[in-house]
Amino acid sequence: MSTSKTAFPFVTRLLADSSPTLSLCVLAVCATLAGNASAASFHCSTRSSASEKIVCADPELSSLDDRLAVSYQRARDTSPDPRSVETARIQQWLWRQHNCTDKACVLNWYQRRIAELDADYEQGKQAQHDAFEAALVDQKLVPSAADAVRQLKNESIVATAQGANPATK
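For the sequence shown, the positions run -39 to -1, 1 to 130 when mature numbering (1 follows the signal peptide of the UniProt record, and there is no 0) is used.
Treat the hints with care, since some could be wrong.
[What the hints assert, rightly or not] No more than 30 Å apart at the CA atoms, straight line, and that leaves these computed lysine-lysine pairs for DSSO-like:
| hint | residue 1 | residue 2 |
| --- | --- | --- |
| 1 | Lys86 | Lys101 |
| 2 | Lys114 | Lys86 |
| 3 | Lys14 | Lys64 |
| 4 | Lys101 | Lys114 |
[As the list claims (entries may be wrong)] Computed spacing ranges between beta-carbons, pair by pair:
| hint | residue 1 | residue 2 | range |
| --- | --- | --- | --- |
| 5 | His4 | His59 | 18 to 24 Å |
| 6 | Asn69 | Leu97 | 22 to 28 Å |
| 7 | Ala65 | Gln34 | 23 to 29 Å |
| 8 | Gln123 | Glu94 | 20 to 26 Å |
Just so you know, these hints were derived from the structure itself, not from any lab.
Just so you know, even glycine gets a beta-carbon here, dropped at the ideal spot from N, CA and C.
Work out the full structure: start from the sequences and follow the hints.
Here it is in structure tokens:
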């Protein structure tokens, strides 16, 4: 296996150049760190509610927790009212903490919450698009100029999605 394809090439090099005892120690540390990285929104090693313990013990739920964090961030970033997204996050989390005591409930909660946040994201994107189009109309640009502005905005969105800085192009 090539060291350039591993997640931690320095660990591979260290293991190749070290004693068996050191290798075992490094592997034990890596395994411990990997075990603690199971959930995105909380630490599994601290005191937890019943629902958090269920998430920590289940890779599927832990993966949904990671997905929930991404959906939340996207919804908040596109929302015209990020505070309302945060308020809903807290209320929904508290509901889960107090009401979910088995995997089925937690799984249902994650699936529902992710769907809600994904819908919020789509609504936020549509609201941003509508505001952009309204601003173009307010500027009373000739159609070719409005089309050029749309094209620049689309190129900027693509560049941002690809990790480039559109301001430096």
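For each hint, the structure was consulted:
no.: 1; hint: Lys86 to Lys101; in the structure: holds, 23 Å
no.: 2; hint: Lys114 to Lys86; in the structure: holds, 14 Å
no.: 3; hint: Lys14 to Lys64; in the structure: holds, 10 Å
no.: 4; hint: Lys101 to Lys114; in the structure: holds, 17 Å
no.: 5; hint: His4 to His59: 18 to 24 Å; in the structure: holds, 20 Å
no.: 6; hint: Asn69 to Leu97: 22 to 28 Å; in the structure: violated, 43 Å
no.: 7; hint: Ala65 to Gln34: 23 to 29 Å; in the structure: holds, 27 Å
no.: 8; hint: Gln123 to Glu94: 20 to 26 Å; in the structure: holds, 24 Å
This entry does not satisfy hint 6, going by the numbered hints stated previously; all others are met.
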